[in-house]
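**Student:** Here are the chains, one letter per residue:
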Amino acid sequence: MTAPAPLLPLDRETRLALGLASPAFLILAALFILPLALLLAVSLQGAEGLSLAAYAKLLGTPHYLKIIWNSLSLALIVTGISLLIGYPASFAIARAKGHWRSLMLACLFLPLAASVIVKAFAWTILLRSTGIVNQTLLFLGIIDQPIRMIFTETALVVGAVNIFLPFMVLPIFSVVAQFDRRLSEAAATLGANPLQAFLKVILPVTMPGVIAGVALVFSLSVSAYVVPTLLIGERFPTLASTIAKSYLLTREEAFGAASGVVLLAIAVAVVMLSARFGREGRR
Amino acid sequence: MGGTLAGGTDLMDDVAPVPDPLPVHLVIRGLSKRFGQTRVLSDIALGMPKGELLTLLGPSGCGKTTLLRQIAGLAQPDTGSIVLDGRDITHLPPHRRSVGVVFQNYALFPHLNVAGNVAFGLKLQKKSRAEVEAAVKRTLALVHLDHLADRPIRALSGGQQQRVALARALAVEPSVLLFDEALSALDRKLREAMQGELRRLLREIGATAIFVTHDQEEALTMSDRVAVMHQGRIEQLADPKTLYDRPATAFALSFVGQSLQIRGKVTSSEAGYSTIATEIGQVLAPRAFLPGSEVIVATRPEHVRLCEGDNTLMGKVRAVTYQGPRSLVEIEAGTARILAELSGREVPPEPGRTVLFSWPASETLVYPAGEGA
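For the record, the sequence lines run as chains A and B.
Under the numbering used here, the letters of the first sequence match residues 539 to 821, in that order.
Under the numbering used here, the letters of the second sequence match residues 6 to 378, in that order.
A hint or two may mislead.
[Said to hold, decoys possible] Going by beta-carbon spacing under 8 Å, a handful of chain B positions derived as facing chain A:
hint, residue
1, 96
2, 97
3, 100
4, 173
5, 327
Hints are computed from structural coordinates only; laboratory data are not their basis.
The beta-carbon is built from N, C-alpha and C at its ideal position, and this holds for glycine as well.
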């Protein structure tokens with residue numbers, strides 16, 4: 539007969555790791571998990587006891603489904619464009635030398651010091667009909683009349699990409715900066731052309747950075763409130779603006795909470811999917 | 006007109022038959038490279054028959070790694086040509102050269118396991134799945150790693166990683182294999198074991214290989230020929246025994262084996278022998294010089310005897326290093342230091358004693374002063 543296994547068969551190192559993680563865990567539990575539980579509870583509150591009415595309204599009405607799709611498509615487009623710009627940019631920064639590298643990093647990260655509201659307003663000023671973009675185009679004779687830029691989907695995407703791009707570049711850059719260039723040289727000496735070396739070595743090795751960047755930018759842009767509100771407004775309602783409206787204007791707390799839960803579920807699902815996809819890419 | 010003529014002569018030189026009876030496999034001609042004002046490679050010429058194991062030996066910064074990278078196509082020379090198997094590869098990108106490289110820190114793909122690393126090049130060759138699997142298995146067996154095929158790279162020891170790097174390069178059957186300080190990251194004991202094993206393995210499969218190292222022992226044990234490099238030039242290209250017994254330059258002497266050097270001036274020279282006056286006495290050397298020439302004389306420790314002979318000198322024992330099968334006696338004579346190697350059976354003299362020592366005139370190595378070193 540064998541001795542019963544202990545409930546938690548942990549070695550010294552694992553116990554130490556758990557010990558070191560516990561303060562962070564406690565803080566997260568108090569400030570994050572508890573409010574989430576409250577949110578869930580509120581979302582299930584009906585006129586008489588528990589009810590899924592809020593969810594039924596949100597997921598059963600074409601109007602609200604369109605809003606969910608708005609949030610989702612905005613996040614997908616912004617994440618995709620940020621990745622397309624941010625991935626090569628990370629390589630450019632990682633390969634740059636000395637002052638150039640510092641300068642590029644400063645250009646990327648200094649805007650983080652300004653509030654998102656300031657940046658979104660800056661875009662409204664740039665893009666309005668009397669803004670510098672329209673004025674320049676008029677002056678150059680490229681257009682005869684100011685074109686409508688602000689309050690369009692394009693303005694929204696441009697502004698959002700600009701604001702969220704650093705969150706894509708930072709994690710990718712940190713991985714790319716550590717990328718050993720001899721790995722691509724090794725691939726080349728084994729017969730890989732530059733494209734094959736990129737697809738089979740560089741991309742999979744830098745994938746953890748890509749996953750982190752995608753997860754960050756997606757969760758930021760799917761829940762963005764200030765940027766869509768200022769750059770496109772009522773024309774393009776999102777889940778975030780719906781939550782704000784139901785809490786601040788219509789006082790439908792259950793509906794607002796349910797929208798929050800759905801938003802969170804979407805973000806978590808996409809982050810988990812991308813992590814899983816990335817892991818499989820490494821096989 | 007003159008240009009045409011000169012071009013014609015060049016062409017004649019190029020197609021002249023190679024006198025070497027062995028088929029020449031890799032031919033490097035006039036390879037030069039500058040980085041700014043620094044000449045990292047000057048007019049390198051090298052020919053290797055198939056199956057040869059050659060070492061580029063030299064201190065860091067001598068150009069050996071630069072030369073290796075140019076053969077692999079990872080760097081471009083300013084002038085010169087590299088011909089492999091009759092094909093000019095000077096300007097081909099690395100993936101079209103059939104040159105394998107085992108890198109210093111192995112550069113294994115961290116996202117693939119052992120088998121994945123070895124299969125990398127094979128998959129690019131558009132082989133069938135079965136062929137790839139068979140080749141991976143065969144190559145891993147060759148380096149005795151068949152039991153670790155499914156391990157991730159980070160779970161391997163340094164020696165095992167080294168073998169994976171070797172297997173990965175071998176699997177695609179390159180025309181020539183390059184080793185960039187490939188053994189230097191291993192500890193001494195493992196390195197020595199790997200040296201023997203690697204040499205046997207490369208011989209067995211008939212590989213042509215170039216090693217880059219700053220480790221003279223590795224160079225002497227691993228290779229058929231050694232190219233000693235210094236300041237971007239090949240100072241001497243010879244088999245290990247010639248290199249050790251008859252270093253061509255004072256630099257080759259100082260870089261290979263142990264020896265101590267004494268400055269002197271030639272007083273007379275006849276019948277191919279020179280008499281050289283040094284601060285510790287007269288030395289006879291088997292090489293003619295103009296009387297009055299400044300020279301450096303040296304000899305290998307194993308030729309120095311603690312008795313009278315051709316070149317008998319006197320000195321004081323400074324230190325004795327016991328090394329098991331032998332002891333090294335360091336003798337101080339004037340400002341010079343001479344090493345004598347005694348076999349384990351001989352009783353070394355006490356430090357501080359004054360001794361007579363000598364070596365055969367035929368074993369005196371002599372070089373013009375101010376050269377190399």
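**Student:** Checking against the hints above, which ones are violated?
**Tutor:** As far as the earlier hints go, 1, 2 and 5 are violated by this structure, in ascending order.
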